[in-house]
Amino acid sequence: MKNIFLRTTGLMIVGLIVLNLFVMIYGIVLSDEINNFEQKTDKLHKINLTLEKEVANLSSLKFAQEQAKEFDFTNSSAPQYIDQLKYAYR
Amino acid sequence: MKIKFIFLLFIAFYLTIIIRLFFLQVIYSPANKSPYLKTNKLYPVRGRIYDQKNQALVLNQNSYQLYVEPKKVEDKDKLLHLLSENLEMEETSISAKLDMSKYWVAIAGGLTQEQKDKFDKLNLKGIGFDYQTKRFYPEASLSAHILGFLGKESQGEDVGYLGLEGFYDRDLRGLPGFLETERDVIGRPILIGVQQRVEAEDGRDLILTIDKNVQEISKKRLLEGLDKYKAKKGCIITANPKTMAILSLVCLPDYDLEKYYLFNENFYKNLAISDLYEPGSVFKPLIMAAALEEKKIKPNDTYNETGQVAVGEYNIKTWNDKYEGKISMTRILEKSSNVGMVYIGEKLGNRKIYNYFEKFGFGQNTGIDLEGEASGYLKPQKNWYPIDYTTVTFGQGIAITPIQMIRAFASIINGGYLMKPYLVQKIVSENKVVEIKPKVERKIFSQTTSDIIKKMLISTIENAEAKWDRPKGYIIGGKTGTAQVPIKGHYDVSKTIASFIGFAPADNPRFLTFVVLYEPKSSPWGSETAAPLFFDVAKDLIVYYGILLSQ
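For the protein sequence lines, the chains are P and B, in the order given. FYI, in my numbering the residues of the first sequence are 1 to 90. FYI, in my numbering the residues of the second sequence are 1001 to 1551.
Just chain P, same shape as in the assembly:
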């Protein structure tokens, strides 16, 4: 009876130690993951803002004007529908 009690207690202690170790290691792994995800989220947030800025720049009038200048799309090549309606019906 005494032996059974001692063995059970021993097994329980060993089991608890193993479980404790498992919880501790699992906790460290989870902490690492949380830390990782936090860093990734921060990075994604920053990338998101940068991309948003790039998209806005590409659809801006400022960019369109620069492009117009680069491709020589000047006033002389703009259609004048209001003053010279004949162009509108061509």
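Rather than coming from a laboratory, the hints here were simulated on the basis of the structure. All residues carry an ideal CB built from backbone N, CA and C; glycine is no exception. Careful, some of the hints might be misleading.
Unchecked claim - Facing chain P, according to a computed beta carbon distance under 7 angstroms, are these residues of chain B, among others:
| no. | residue |
| --- | --- |
| 1 | A1056 |
| 2 | Q1061 |
| 3 | N1062 |
| 4 | P1138 |
| 5 | E1139 |
| 6 | R1188 |
| 7 | E1216 |
Model the placement of chain B on the given structure of chain P, informed by the hints.
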């Protein structure tokens, strides 16, 4: 015996640890907090601002504050040199900031990601970066006065100033959250410790009624106009006359939103909403509409314009001192006859004139959703002299803002509804969209009066004394104005405020545009400055909106 001894030793050992922990965590620890416990404020992302087509006008971008920890600096001279070179700041000004007795010194804010990466490559000891966000304007200063800017309040927190940033600051700023977390030495969360996170609520985005293309057209034309007519300053406001949704609002000179702090605060003033001026002849249609509404006159009634009119000790005359004899009410507007307007004012009566000013909301804020609006001043009726009732009929002796003028004018052409002007049509939060509908303040005129005055205003353009380069095939209504500038109790004859207000297409107005030029030098007259500028804008808008020919 040995086992009992070891057992007691263990008990004593654990008791010592428990007591020590109790002292550390309960007795000595301030606010019972673990030394590993960190509390961070989670900053919300400030709301963005878009135009009516969801094109960005204000966004956020990554930014860094560079700081130095003087105690960790190895070579101060080298550090100063590199900081100066990369920040484009004088070494002396950095040196003045860098107090070596301190532990932490902020050197420069608003650094871009590229600048930070450059510093990271230099691998300098003793410098670090704090992450921040700052406002980014894809269209630069296209809408400076509308947007306002983001500055700092006395506690160092971000706060919006003027324009939309000021008016909608509470919506844009959001709510901060916090993170209370126990971390180990390398920053990993300790899962059995305290972990509490209340997420920040990001600011709400604003969707405007502004169309950035109309804004661009207006700004470009205004810039050309100021240059061509050598005017000191000016504004162009375009609105939908049915709703008073503002489509564009540009005043020049304006300022650089990115570097607002380099400008004198006079540049921040949005003339369209905060500058009081005497409107001059653009005001005449308002009095005409009131007289029509009260059935005191009919469009074909005649007035015998024989010469100057004496009111007390003053003589009222037409702008060119020429008189045509019998003229219709419509002709009074066409030739912008001051004496004709005095006649209409007399028919309408003093009490009614004042009543209509109250109905138009003069002397009160229009309620436009921009910070910095001036209400104007409508003096109590008991303080009005007879000459005041005379001069207001042609827009002198009353001080209003351009936004009050365009709103009142919209009411005479939109069926008689005085609308509240607005710039934000939607407020978008994470899970809710609030739509802002046009708001009718009151109905002032009947549809009949509105239709009559519209016809009179079309005729005013068709038969005006000045001949303009108008878009052919389109019916446009409008009125010129040339106001004198009051200085110390009299009018300065050398200075005028030239204006033009017009709408197109006249049968079903798509836009109402108000042009004001302050002190033009090429000509003092609205008909020779503001009017041609209006028609340039109108031509561009007709093409932009694809408005079909009226005739």
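Agreement of hint B/A1056 with chain P interface, Cβ distance less than 7 angstroms: Where the cut-off is 7 angstroms and the nearest Cβ of chain P is about 4 angstroms from B/A1056, the hint holds.
Restraint outcome when B/Q1061 is required to lie within 7 angstroms of chain P by C-beta distance: Hint on B/Q1061: holds, closest Cβ of chain P at ~5 angstroms, below 7 angstroms.
Restraint outcome when B/E1216 is required to lie within 7 angstroms of chain P by C-beta distance: 5 angstroms, holds
Minimum beta-carbon distance criterion (7 angstroms), B/N1062 to chain P: Check passed: Cβ of B/N1062 comes within 5 angstroms of chain P, closer than 7 angstroms.
Interface hint outcome for B/E1139 [beta carbon to chain P under 7 angstroms]: B/E1139 check passes; min Cβ-Cβ to chain P is 6 angstroms, inside 7 angstroms.
Given hint B/P1138 near chain P, where the shortest CB pair must fall under 7 angstroms: Check passed: Cβ of B/P1138 comes within 4 angstroms of chain P, closer than 7 angstroms.
Closest C-beta approach of B/R1188 to chain P relative to 7 angstroms, hint status: It holds, given that the least Cβ distance between B/R1188 and chain P is near 4 angstroms, below 7 angstroms.
This entry satisfies every hint, going by the numbered hints stated previously.
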